[in-house]
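Asker: Listed below are the residues making up each chain.
Number of protein chains: 2
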Amino acid sequence: MLIYLRPRLPPAAIMKNRPVTIKDIARQLNISVSTVSRALRGSADINPETKKSVIDLAAELDYQPNSIALSLVKSKTNIVGVIIPDITIPFFASAIKGIQEVASAAGYNVMICQSSESEEMEVNNTQALLSSRVAGLIVSVSGKTKNFDHFKTIKRRGVPLVFFDRVCEEIEASKVLADDYNGAFQAVEHLIKMGSKRIAHLAGPDLLKLTQNRKRGYIDALQRANLPVDLSLIKYVDFNRKQAYEATNQLMALPQPPDAIFAISDRVAIGAIMALKDKNIRIPEEVAVVGFGNEATSAILDPALTTVMQYPFEMGIIAAQLFLEQVNVDLETYIPKTEILNTDLILNKSSRRR
Amino acid sequence: MLIYLRPRLPPAAIMKNRPVTIKDIARQLNISVSTVSRALRGSADINPETKKSVIDLAAELDYQPNSIALSLVKSKTNIVGVIIPDITIPFFASAIKGIQEVASAAGYNVMICQSSESEEMEVNNTQALLSSRVAGLIVSVSGKTKNFDHFKTIKRRGVPLVFFDRVCEEIEASKVLADDYNGAFQAVEHLIKMGSKRIAHLAGPDLLKLTQNRKRGYIDALQRANLPVDLSLIKYVDFNRKQAYEATNQLMALPQPPDAIFAISDRVAIGAIMALKDKNIRIPEEVAVVGFGNEATSAILDPALTTVMQYPFEMGIIAAQLFLEQVNVDLETYIPKTEILNTDLILNKSSRRR
Chain A
1 MLIYLRPRLP PAAIMKNRPV TIKDIARQLN ISVSTVSRAL RGSADINPET KKSVIDLAAE
61 LDYQPNSIAL SLVKSKTNIV GVIIPDITIP FFASAIKGIQ EVASAAGYNV MICQSSESEE
121 MEVNNTQALL SSRVAGLIVS VSGKTKNFDH FKTIKRRGVP LVFFDRVCEE IEASKVLADD
181 YNGAFQAVEH LIKMGSKRIA HLAGPDLLKL TQNRKRGYID ALQRANLPVD LSLIKYVDFN
241 RKQAYEATNQ LMALPQPPDA IFAISDRVAI GAIMALKDKN IRIPEEVAVV GFGNEATSAI
301 LDPALTTVMQ YPFEMGIIAA QLFLEQVNVD LETYIPKTEI LNTDLILNKS SRRR
Chain B
1 MLIYLRPRLP PAAIMKNRPV TIKDIARQLN ISVSTVSRAL RGSADINPET KKSVIDLAAE
61 LDYQPNSIAL SLVKSKTNIV GVIIPDITIP FFASAIKGIQ EVASAAGYNV MICQSSESEE
121 MEVNNTQALL SSRVAGLIVS VSGKTKNFDH FKTIKRRGVP LVFFDRVCEE IEASKVLADD
181 YNGAFQAVEH LIKMGSKRIA HLAGPDLLKL TQNRKRGYID ALQRANLPVD LSLIKYVDFN
241 RKQAYEATNQ LMALPQPPDA IFAISDRVAI GAIMALKDKN IRIPEEVAVV GFGNEATSAI
301 LDPALTTVMQ YPFEMGIIAA QLFLEQVNVD LETYIPKTEI LNTDLILNKS SRRR
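Respectively, the protein sequence lines represent chains A and B.
First residue of the first sequence: 1, per this note's numbering; consecutive thereafter.
First residue of the second sequence: 1, per this note's numbering; consecutive thereafter.
Careful: at least some of the hints might be erroneous.
Calculated lysine-lysine pairs in the BS3-like style (CA-CA distance at most 30 Å, straight line) [claimed, not checked]:
1) A:Lys349 x B:Lys242
2) A:Lys197 x A:Lys279
3) A:Lys155 x B:Lys76
4) A:Lys242 x A:Lys209
Per the computed footprint, the stretches of chain B lying under chain A, defined by three or more beta-carbons under 8 Å from a beta-carbon of chain A, are [stated by the list, open to error]:
5) 89-100
6) 106-112
7) 266-275
8) 298-309
Note that these hints are calculated values from the structure, not bench results.
Quick caveat, the model's predicted, so the values are computed rather than measured.
Glycine included, each C-beta is placed from N, C-alpha and C at the ideal position.
Chain A extracted, bound-state conformation (with noise of 0.2 Å):
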């Protein structure tokens, strides 16, 4: 890529999105504005002194030339690009579903990358968006990432940012996700009260906040029925069917089996209700499962599934339109907002005992 300065500073109303100027390292160094502006450009007639202090302290804020930016706000596409962990878990697709309609109907065409669960994925998919020069990116984190510079990244590129279902907690950005923990709780309430004494959780990657609530929704719940809670029964499965297979069946091999699963997903329902039924253990009679998402069939399961219903169809326009509101708006002063959507445990035949 060719970079050069413009001689003129950009408008100040690009200027605000940016978090360092040319005018902060002025006013840092004591020294003139077009001083540092010549320092940047290479020119012969400053000072080397002047001009390594100017370049370091441009490193060390990680100051992003004025015209680059000014060029990416004035170039931006009407594409909205999307990152979601996993194509192929129903609750994605549906979200989307719900992003492209408020998308389309606003003129935006709608990117999916799909991370793979993979931050080094996430990192390239973010990359490319930004390189395609999307208008905004919506992203559902991916259960492995632990670094989150390449979302600051897009902060400061000045692109509007909205987390959904998977958010990230370190950065500051609008939010939608599902009431997790009280999502959990009533399930595992409801287990409770079918009669179920040791219920076992299948979690997600613990990364995620969303691991995190729905296991303290779990626990808690536990708690306020005086059950013990028994780490061992608690197992990490990566929202993967084959995972929640085998974990299932390390938990029917314990000395004390459980006599329930509340599982983090319907996805990973699925993988301990096939586990229980190769081992011929009936369902609920003998093991009770609860899922979580209400994905399209569980239904028509064989049992039925018992369920925490999640909207993401409702989460997908919500994240769109926090996405929209941010397009036209200053992003320095604009004030982002967090949604939490209710839930709803559908009662089927996988938990029902009596």
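Chain A is already provided as a structure; the job is to place chain B on it using the hints.
Answerer: Leaving out everything else, chain B in the frame of chain A:
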């Protein structure tokens, strides 16, 4: 990101970054462009000495054929664009997994757009992906697309194009698809063997070759068994569960309702099953049901669904490979390939009468 600021590069230096063209070779050897071109193509009417010096210089300068295409490639990204009709259909999600596996290994990012079965959206998707300078496009055609100009644009731009599953016959491009005719034939043959005599067909959008091939398989299987083809038993439902539900209700309200339903997809079969269940019609005793696609949940439905197994993941892998083999060749001389994947009939309770 820290950007180093450089003075503007002189044109000559920029030139140096360009790939070597036939013109460079012609100029350096002081011969005509057409002589170079013919020499590189191995024409017999060129002096062998000239031919040798052209080939030697081409090797020395690391000349690569098709400089026009190459200069386009230069400005292309490492992004593969994928357009699918509906992200909520598990078949497409699996195909994308396959595409992504091959593309990622080759250093490509995958960007997915959804046409939502709309020709207009498909055109918009194509434009958006082309404007993102994708290195290639892998497309499964919408059920409503009648005009194929946008696919011609892709070809005209020298962007590699591959169709999968829902292919476009009118465009010369590489294709990978399932053996839809034989898959359907076997499914209907099986229903006949199980004793069905009035087999309905829930078909897809008639514009699609896939719909036509599966319907042909259905009709031929009936005729092979000397069963009448009753057009009132064929309903078109757009791969849509709700439409399938309603069409099934219409079928069951006929004076002579069907005793079996062959559905164009598992999703359509699920719509049929829901309609039958709501009317307390026993499956398979009163009406047998067969789907197409072997979606992840078909085995744990109630009743478990007999279905034609397709291999979407493998289809995605082949589609991506067909894209990759076009990346560094002269598309003018590339001969498109069509790969047809076998299907398998998976027997389950929904059709098993004896």
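Asker: Tell me, in ascending order, the numbers of any earlier hints that this structure violates.
Answerer: none
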